[in-house]
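Asker: Each chain is listed here by its residues.
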Amino acid sequence: AAGVIQSPRHLIKEKRETATLKCYPIPRHDTVYWYQQGPGQDPQFLISFYEKMQSDKGSIPDRFSAQQFSDYHSELNMSSLELGDSALYFCASSLSTGANEQFFGPGTRLTVL
Amino acid sequence: AQSVTQLGSHVSVSEGALVLLRCNYSSSVPPYLFWYVQYPNQGLQLLLKYTTGATLVKGINGFEAEFKKSETSFHLTKPSAHMSDAAEYFCAVRGFYNQGGKLIFGQGTELSVKP
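Chains A and B, in that order, give the protein sequences.
Quick note: the first sequence uses our numbering, first residue 692, plus one each step.
Quick note: the second sequence uses our numbering, first residue 168, plus one each step.
Since the hints were derived computationally from the structure, they do not count as laboratory data.
Predicted, not measured: the structure shown is a model, and the values here were computed from it.
Hints are not guaranteed to be accurate.
To be verified - If you anchor each label on the Cβ, the simulated ranges turn out as follows: (1) P699/A - G175/B: 16 to 26 Å; (2) K225/B - K748/A: 31 to 41 Å; (3) P730/A - S181/B: 27 to 37 Å; (4) A184/B - S756/A: 44 to 54 Å; (5) T222/B - H701/A: 20 to 30 Å; (6) S181/B - Q758/A: 34 to 44 Å.
Claimed, not checked - Pairs of lysine to any residue, SDA-like flavour, derived with a Cα cap of 25 Å: (7) K748/A - T172/B; (8) K743/A - R707/A; (9) K216/B - S761/A; (10) K216/B - Q735/A; (11) K235/B - G210/B; (12) K748/A - V196/B; (13) K216/B - I696/A; (14) K216/B - H701/A; (15) K743/A - G210/B; (16) K216/B - R719/A; (17) K713/A - I696/A; (18) K216/B - V280/B; (19) K216/B - D733/A; (20) K225/B - G694/A; (21) K713/A - Q209/B; (22) K706/A - N208/B; (23) K216/B - E705/A; (24) K216/B - P282/B; (25) K281/B - I717/A; (26) K216/B - K704/A; (27) K236/B - K713/A; (28) K216/B - L702/A; (29) K216/B - K706/A; (30) K216/B - I717/A; (31) K748/A - T222/B; (32) K216/B - Q732/A; (33) K225/B - A693/A; (34) K748/A - Q169/B; (35) K704/A - Q209/B; (36) K236/B - T222/B; (37) K748/A - K281/B.
Ideal Cβ positions, reconstructed from N, Cα and C, are used throughout, including at glycine.
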């Protein structure tokens with residue numbers, strides 16, 4: 692069965708650079724969630740989209756922005772990167788916000804040097 | 168607001184022994200509860216979930232959990248641990264009326280299985 696695809700899987704950036712993470716949800720899933728997991732931490736919710744509209748916002752820095760496109764894929768744009776942004780970024784998808792289960796992608800490991 | 172507390176950041180059991188990972192939640196509305204497993208450098212895989220109905224839920228790999236409203240708990244158990252069960256386990260809650268659907272995770276419990 693098709694799963695959530697995230698690209699790239701690994702990304703190394705310098706401080707103050709920008710990064711773009713991409714997420715391709717499971718076909719027909721209309722809802723995408725982004726989570727950030729720091730080293731040894733639990734995943735923290737960043738932002739979510741339903742039918743291309745932002746549906747909820749968590750502890751996402753103003754330096755980050757995200758959107759969901761007409762084909763339901765989503766991109767997380769991160770600017771002015773800081774060392775503390777180094778983390779594993781997960782995307783999850785579900786079929787509508789009322790669905791019970793979120794399916795997680797393998798994550799993008801971002802390292803900021 | 169919902170929250171989740173996992174008791175014990177590290178649990179170590181012997182192979183073949185009972186696995187018990189504790190999770191308590193806080194929610195003002197009937198919660199949806201989940202257990203996810205994360206292997207090193209991998210994503211999160213759903214083990215099991217409670218939404219409504221039967222309070223004892225069975226998941227993959229022989230795991231099960233019981234929703235106890237009176238104790239606000241959703242502990243994860245497995246009768247006999249395998250070496251392959253060694254991983255990080257996260258309990259998560261999503262509020263019933265939360266239209267955004269975000270998951271709120273506990274701090275995680277690292278399970279070690281000794282031969």
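Asker: Quick one: which hint numbers does this structure break? Sort them smallest to largest.
Answerer: 1, 5, 6, 8, 9, 11, 14, 23, 24, 25, 26, 27, 28, 29, 31 and 37
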